[in-house]
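Participant: Sequence:
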Amino acid sequence: MYIWERPDWPHFEWEETTLRPKLDAVRLLQGRLVGRTEAASDHADLDVEMDALIQNAIRTSEIEGEFLDAGSVRSSVARQLGLEQAGVSGRTTPESESLVAILLEATHEPDQPITLNQLCQWQSMLFPEGPGPFLKIRVGELRGDQPMQVVSGRLDRPKVHFEAPPRIGLEAALDTFIEWFNDPPSDLDAVLRAGIAHLWLITLHPFDDGNGRITRAVTDRALAQAERKSVRFYALSAAIMARRNSYYDILERTQSSDLDITRWLSWFLDTLEEALQQALLRVDRVLVKARFWQHHSTTVLNERQIKVLNRLLDTAGEEFEQGINARKYQSLTKTSKATATRDLADLLDKGCLDRLPGGGRSTRYTLPLERNRKE
1 MYIWERPDWP HFEWEETTLR PKLDAVRLLQ GRLVGRTEAA SDHADLDVEM DALIQNAIRT
61 SEIEGEFLDA GSVRSSVARQ LGLEQAGVSG RTTPESESLV AILLEATHEP DQPITLNQLC
121 QWQSMLFPEG PGPFLKIRVG ELRGDQPMQV VSGRLDRPKV HFEAPPRIGL EAALDTFIEW
181 FNDPPSDLDA VLRAGIAHLW LITLHPFDDG NGRITRAVTD RALAQAERKS VRFYALSAAI
241 MARRNSYYDI LERTQSSDLD ITRWLSWFLD TLEEALQQAL LRVDRVLVKA RFWQHHSTTV
301 LNERQIKVLN RLLDTAGEEF EQGINARKYQ SLTKTSKATA TRDLADLLDK GCLDRLPGGG
361 RSTRYTLPLE RNRKE
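If you number the sequence shown the way the UniProt record's numbering does, the last residue is 375 and the count never jumps.
One or more hints might be untrue.
To be verified - Below, simulated EDC-like cross-link-like pairs (lysine to aspartate or glutamate); rule was C-alpha separation at most 16 Å, straight line:
id : residue 1 : residue 2
1  : Lys22     : Glu274
2  : Lys289    : Asp45
3  : Lys22     : Asp189
4  : Lys159    : Asp249
5  : Lys22     : Asp270
6  : Lys229    : Asp45
7  : Lys229    : Glu109
8  : Lys229    : Asp349
9  : Lys22     : Asp314
10 : Lys289    : Asp314
11 : Lys229    : Asp111
12 : Lys229    : Glu105
13 : Lys136    : Asp208
Keep in mind that the hints were calculated from the coordinates and are not lab data.
Fair warning: this is a prediction, and the values are worked out from it, not measured in the lab.
Using the sequences provided together with the hints, build the complete structure.
Facilitator: As structure tokens, then:
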């Protein structure tokens, strides 16, 4: 029996005492993230928002096995955030433009109620050039009368993971969901509401295709409402993608169980906590980069040196955990070994890099971030 076949559907139950510690952890991280971003400059805020939006757009598609061009997504985000003048603009695609528009509308207008027409419009925006000649799906309208199943495996031996409610009554079921979403119970925790909304809408599976991406957009709106902030500094879809297998597993187990959704909400809160922790790391990265360039605002550097320093700052040392050497510098800047060695020595003299222990051909350098923090 699927969850939607239960007599009391959709009256969900959960164990508040089990979830309370996870909710407290999420609230703490939300507060830390808000505090950290409020202390940052407007430019730093835009950098963090842009990074989160790029990650959300790429990963929400990747969860469904669709891969967007990262450069096109970045250009769409830059254009729609008004950053073209900053030299970030470039080639976009209809798919990246539409998806970024959905994500921005979902979060930048959090006080707007959702409607069935809006959900259908968002679904149609996922297919800006139509369904294509090989996809027999409805665009901009609810799914057809045939059973909607989530299936994997071979064509001759398919495994049915889930079957959505029948098409008859789908409009009424969506009306119930939308009414609840727009006017939730006053005693319902706003973060738990986001997790419930996610499970409820993905279970209804209202469209032939695009249900996951639409559901995650609605979840982002619920979280924006919970935080009373329209700017997104974290990417929930990126955290879900990192747990993609367990995401589908917990959905399947929950949708095939009773109305106690404690395990689903526990998974949701853990994933949200991970998204917030990653956002804090990104904010720290942006702030470190801003402090570094403020410290070296009068340091004369060439374009090669600036490029390499930004690469080191943007990866927070992850890509160069063992430091950078002359050969890697050559590869990044497409220059000669002599020029690379000279540039690195100059960066060391100007305090932009520190030399790691060792020497000779194995000489490696790293950013003096700890020293900059103290200063």
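Participant: For every hint, state whether the structure bears it out.
Facilitator: Results of checking the hints against the structure:
1. Pair hint Lys22 plus Glu274 holds up; C-alpha atoms about 11 Å apart against a cutoff of 16 Å.
2. Restraint check: the Cα-Cα separation between Lys289 and Asp45 comes to about 13 Å, which is no more than 16 Å; the hinted pair holds.
3. Restraint check: the Cα-Cα separation between Lys22 and Asp189 comes to about 13 Å, which is no more than 16 Å; the hinted pair holds.
4. Our distance criterion of 16 Å between C-alpha atoms is met by Lys159 and Asp249, whose separation comes to about 14 Å.
5. Between Lys22 and Asp270 the CA atoms are separated by roughly 7 Å; this keeps the pair inside 16 Å, and the hint holds.
6. The hinted pair formed by Lys229 and Asp45 meets the criterion: a straight-line CA distance of about 13 Å does not exceed 16 Å.
7. The straight-line distance between the Cα atoms of Lys229 and Glu109 is roughly 10 Å, inside the 16 Å bound, and the hint therefore holds.
8. At most 16 Å may separate the alpha-carbon atoms for a hinted pair to count; Lys229 and Asp349 exceed this at roughly 44 Å.
9. In summary, the hint linking Lys22 to Asp314 is not supported, as the alpha carbons are separated by about 31 Å, beyond the 16 Å threshold.
10. Straight-line distance between C-alpha atoms of Lys289 and Asp314 comes to about 8 Å, which keeps the hinted pair within the 16 Å bound.
11. Between Lys229 and Asp111, the direct Cα distance comes to roughly 10 Å. Compliance with the 16 Å bound is thereby established for this hinted pair.
12. Distance check on the hinted pair: Lys229 and Glu105 sit about 13 Å apart at the alpha-carbon level, within 16 Å; holds.
13. Using a Cα cut-off of 16 Å, the hinted pair Lys136 and Asp208 holds, with the two alpha carbons roughly 9 Å apart.
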